[in-house]
Each structure stands twice: as structure tokens, then as C-alpha cells.
Amino acid sequence: MTAHRPAPGLVLEGVEFAYERTPVLENISLSIPAGQFVTLLGSSGCGKSTLLRLIAGLQTPDRGRLLWNGAAITGTSLERGLVFQDYALFPWLSVVDNIAIAVGKAHPKTRKAERREAARHYLRQVGLESAIGKYPFELSGGMRQRGAIARALALESPLLLMDEPFGALDPVNRARLQDLLLELREAAPVRPTIVFVTHDIDEALYLSERCVILGAAPGRVLADLGVSFARHANRRADRQSLYNDAAFQSLRESVAETLAADTLKRLIAA
Amino acid sequence: MTTIAETLALPSAALAASVPPESVPRRAPESSPAAVPSGQTAKSPLPASSRILRKLEPFVLWLILLALWFAVAHWLPLGENPLIPSPQATALALWQSLPELWKGTLASLGILVPGFALAVTLGVASGLVVGISPRLQRIFFPFARVAGPVPPTVYVPYAIAILPTFQLSAIFVVWIGAFWPIFQNTAAGAAALDARYRDNASILRMRGLEYAFRVVLPASLSHVFSGMGVGLAFAFILLTVAETFGASAGLGRFVQYYADFADYPRMVAGILYTGFVTWFAMTLLDKLKHRMLFWQR
Numbered sequence: 000m001t002a003h004r005p006a007p008g009l010v011l012e013g014v015e016f017a018y019e020r021t022p023v024l025e026n027i028s029l030s031i032p033a034g035q036f037v038t039l040l041g042s043s044g045c046g047k048s049t050l051l052r053l054i055a056g057l058q059t060p061d062r063g064r065l066l067w068n069g070a071a072i073t074g075t076s077l078e079r080g081l082v083f084q085d086y087a088l089f090p091w092l093s094v095v096d097n098i099a100i101a102v103g104k105a106h107p108k109t110r111k112a113e114r115r116e117a118a119r120h121y122l123r124q125v126g127l128e129s130a131i132g133k134y135p136f137e138l139s140g141g142m143r144q145r146g147a148i149a150r151a152l153a154l155e156s157p158l159l160l161m162d163e164p165f166g167a168l169d170p171v172n173r174a175r176l177q178d179l180l181l182e183l184r185e186a187a188p189v190r191p192t193i194v195f196v197t198h199d200i201d202e203a204l205y206l207s208e209r210c211v212i213l214g215a216a217p218g219r220v221l222a223d224l225g226v227s228f229a230r231h232a233n234r235r236a237d238r239q240s241l242y243n244d245a246a247f248q249s250l251r252e253s254v255a256e257t258l259a260a261d262t263l264k265r266l267i268a269a
Numbered sequence: 000m001t002t003i004a005e006t007l008a009l010p011s012a013a014l015a016a017s018v019p020p021e022s023v024p025r026r027a028p029e030s031s032p033a034a035v036p037s038g039q040t041a042k043s044p045l046p047a048s049s050r051i052l053r054k055l056e057p058f059v060l061w062l063i064l065l066a067l068w069f070a071v072a073h074w075l076p077l078g079e080n081p082l083i084p085s086p087q088a089t090a091l092a093l094w095q096s097l098p099e100l101w102k103g104t105l106a107s108l109g110i111l112v113p114g115f116a117l118a119v120t121l122g123v124a125s126g127l128v129v130g131i132s133p134r135l136q137r138i139f140f141p142f143a144r145v146a147g148p149v150p151p152t153v154y155v156p157y158a159i160a161i162l163p164t165f166q167l168s169a170i171f172v173v174w175i176g177a178f179w180p181i182f183q184n185t186a187a188g189a190a191a192l193d194a195r196y197r198d199n200a201s202i203l204r205m206r207g208l209e210y211a212f213r214v215v216l217p218a219s220l221s222h223v224f225s226g227m228g229v230g231l232a233f234a235f236i237l238l239t240v241a242e243t244f245g246a247s248a249g250l251g252r253f254v255q256y257y258a259d260f261a262d263y264p265r266m267v268a269g270i271l272y273t274g275f276v277t278w279f280a281m282t283l284l285d286k287l288k289h290r291m292l293f294w295q296r
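Note that the protein sequences, when read in sequence, are chains H and L. Numbering follows numbering that gives the first Met the number 0, in which position 107 of the first sequence is assigned residue number 106; successive positions increment by one, without gaps. Numbering follows numbering that gives the first Met the number 0, in which position 48 of the second sequence is assigned residue number 47; successive positions increment by one, without gaps.
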């Protein structure tokens, strides 16, 4: 083993992935330092969810390497939690039992009562105390995604992967959960690294410190932008004025143009 | 596997996303509920007469059959010991045979319950193991495709010859008849596990028994219950067939015994009673299914 310690964080080196000979991802190289909030932004079919699945270890790349804190990613790990767009909770278990499973994984030596108590704590944190004894089918979409976030918190993963977690929600719930995510991240004792997949430009610019734009067919990095808006401490009180901010608008336009140019190129090529 | 949709996505998807969704014009309520004539809309209650009629619908066919039975027994010249005994004679025979039928029920359950319980235990356990592992599927499914459809009744004489007591051989035959549908349905359900549940369990690092019993089993429970339904029907068929071979008591034995003595009122009473017991067992299973699958709306 080498003497120097690798920089903590996520490293992707020349990652390629094809589905039945159709290239999905082409030569993706990224380095994400620990603690950073990165969004992967791209249109449908750009392979951004596939990239997230590779990082989670649900699939293996055809070529290239993925490293988390210097170690190669082979298979899933509790170090890397994934929040799905839907179906994050098992429908046959009550909400509290769903979270308790994750608590039990993070702390295998705890007793059942302790796990449930911890699960209740996480549910209170995401504002779901009213749903503790309920089943997922009794909850609205927004409440279910709160449960999914609670489960991700309970896993205590230092790397949090989120696959369009708010994609199926109405705008009001979406904004609420975006703010909840930012609050929870700020309140965390150790800030988790977050890789957040979305196709919503506003969401990407609002949430993250860095926005990686992916082109489609095959998926590749079009642009890698630092985003400064996330550092505005009072942005939540002022979401509308941020949206009206000239710098925000010009960045949004240039991101939209980048995505549109890529789409146009593919249309011409087709 | 979930990437098919992604790779097939049309290039125009990004452009389409910017088009605002078509606004649906809101329809004004057509009229106040009080103005709607009763019985016209789904929400307004039906008039009392048609509500009562609707409640009676499930019994219509029963009443017709019963009337036909009365008519046939009353009008047709069927002789001294009719093959179609009158409803009154059958009811009397049923009443008089109740103690014997109850004893027969207990004897039959002594075969059915252990045989079916063993089939459920082994069928679900092995079905889960095979359904989870693609390798075991490749080993077991070709065998199951041949062994499963063998009509289990053909095992009855052999089982009676091989096993020391009649009860043991009957339990074996009930077991083998119920086992295959339960095994095959469970294995198929486990093999068709929704990829989202599998991914979810993988992210949570659930494996082994925890994966099998907290994820795969609940997810394939509706398959398991359809297997159990078919298995229970088979179990009753095999039970009554086996009993006609060598039982000293039991439901199938009761019918066979009085048929041998040409006591048709008792024989028909036994058939009706067996039908009732089967219906009761099936209803119990159905209730259990709805209870356990409460989360599937």
C-alpha cells in the first residue's frame, strides 16, 4: 500500500457503460471532494441515473474506475446511500419499521426498541412525526419522499446519492423538500457529500455548489460549473428574488443553451 | 436493465419538456345533487327496492336450482330409491348424519392440515430459495416443468403400498399435490421480483434470510397465495380420492360408503357437506390473503 493517503471524496476515471452495445456513458471523469453538493443535470436519456447507479455499486462500468475515498467501488455499501425517485420505502412495512431497518444497518448491535426510537427521531427531523405508525400507501408523494430522506439519514452514509428524489412532486412540495434537504445538510455534524441527479435547471442551481451538465446519447460531460448561489445563507427566505437575480438568470440561460445545443446537434445528426 | 428507457429516449424529449402542459378546462358541476333523479348517478343512493334486489342477486341461481330440485323430485317418476333424492329426504339425511360427518371432517382434517401445512412450508421455502438464485432456477425449473404437471392422483396407489399407514400415505399424496403449485408460484413470484425492491435491498445491504423473508417473500406474497389457492383445491381433490381407497372415516369415505349401500340421500348430503367444507376453507384462505396483502390497495 502507498504511504500517502488518498484525498477523501469520489473519483471517476474514464467511466464507460453500454447497454446492449448502445453506449450510455462515454469517458466520464470527475473528481468530487468530500462534503461537496454536486448536481448531475441533463435531459432524459443522458445516462445520469445510470451514472448514479454505477457510483452506488448497483451496476459495474464496462471501462474506467470509480473510487470512493481511494478505494475502488465494487458493489453496494452502507457508505453510499441512494434515494430513489419513488419506491424508496417497502410498502409492506410501516414507515417507522422502514427507517428502523436502516438504523439497524448503521448500528447492527442495537436492540429493536432502540432502533425504533432512533427511527422516530429521524422521522421527526424530516417533519413526519404524524406518519410514524402509518404505511407508505397511506402517505402522499411528498410524505413518502420525506420518509426516503429519513431513511437515507438513518443509514448515516457519508456519500448521499439522490436520483431525482423530488421529480414526481408538485412545485410546492418540491420547494419545501429542497429546503429541508439544505437545512438537514447544514445541521449535520459532518456534511455528507451529495450527488443529486435532476433535469430541472432551477433545482440544480438552487441546491448545489457545483453543477455537472451531461449531454445525451451517449452521456458525457458538457460543462462543469461552480455555482455560488448555494452559499447565500438567506436564499431560502428569498427564493423568488434569487430567481429574479440577473446573475442567476444569465447562468440559467447559458445552462439551457448548453442543453439545447446538445439536443439540436443530435437532431441534426439523426 | 432499467436503462432501456433511458437509451431509447427520444432526442426531442428536452425540447418537449419546455412546453407547458395543456391546461384542462374545469367543468362546472352540472346540477345540484338534489335535482338529480335518484338512481341515475353513481353517488346518489339507489331506491330501496333496487337495493334489496341487488342484495338478493347472489342467491338467484341457488333458488332456481333448489326449485328445479324440488320439481324434479316431485314430478318425475324416479322409483322407490331415487338416484335424485328429494330435498326433504336429503335434508333429513344431512341432519341425521351430522355427528358422523363431523367425525369424518376431523378425520379428513387430520390428513389435510398436516399435508397442506407441509406443502406450504416446504413449497414457500424452496420456492424462495430457487426463485432468488438464477443458477438454482436453471437446475430446478426444467425438472419442475416435467414433475409438476404429473397428475398427483397417480401416486395414490403407490403411496398406499409404500407407506406403513393409510394416514401417512394420504398425507403424502395431499402434500405432493399441493406442493407443486405452491413451489412454482412462489419461485415465479420471487424470480419476477420488482427490480426496485432488489435495488432497495441492495442499497440497504439486506442479504440471506433477511432478504428472503423481509423483501422477497412479502413482495411475492400474491403469487404465494395464488399457489396456495390452487394447492388447497388440489389438496381437497387428493384427500377425497385417497379416502375412497382405504380410509375408515372421512368426507370422501362417507360419500363412497353410502354410495356402495345405494343410500342416495346420505350420499348427496355428504357431497353438499363436503362442498361446504371446501368453500369454508377457501374463504378462510381468501380472508388471510386480504389481511396479509393489506398494503396492496
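In short, the hints are calculated from the structure, not lab data. Please read these numbers as outputs of a predicted model, since none were measured by experiment. Ideal placement from N, C-alpha and C gives every residue a C-beta, glycine not left out. Don't take each hint at face value.
Partial chain L-side listing against chain H, Cβ under 8 Å, derived [as the list claims (entries may be wrong)]:
{"hint": "1", "residue": "Leu117"}
{"hint": "2", "residue": "Leu121"}
{"hint": "3", "residue": "Asp198"}
Calculated from the model, a selection of chain L residues having no Cβ within reach of chain H, i.e. all distances over 10 Å [said to hold, decoys possible]:
{"hint": "4", "residue": "Ser48"}
{"hint": "5", "residue": "Lys54"}
{"hint": "6", "residue": "Leu105"}
{"hint": "7", "residue": "Leu162"}
Query raised in the report: Does the claim that Leu162 (chain L) lies off the interface hold, with its Cβ farther than 10 Å from every Cβ of chain H?
Result: holds (39 Å)
Query raised in the report: Any CB of chain H closer than 8 Å to the CB of Asp198 (chain L)?
Result: holds (6 Å)
**Report entry** 10 Å cut-off, C-beta based - Ser48 (chain L) kept clear of every residue in chain H
**Finding:** holds (38 Å)
Query - Closest C-beta approach of Leu117 (chain L) to chain H relative to 8 Å, hint status - result: Violated: closest Cβ of chain H sits about 26 Å from Leu117 (chain L), beyond 8 Å.
Report task. Verify the interface restraint on Leu121 (chain L): the C-beta must sit less than 8 Å from at least one C-beta of chain H. Result -> violated (23 Å)
Query raised in the report: Far enough from chain H: is every CB of that chain over 10 Å from the CB of Leu105 (chain L)?
Result: Label holds. Min Cβ-Cβ 36 Å, cutoff 10 Å.
Query raised in the report: Lys54 (chain L): least C-beta distance to chain H exceeds 10 Å?
Result: holds (30 Å)
Of the hints listed earlier, those the structure fails to meet are numbers 1 and 2, in rising order.
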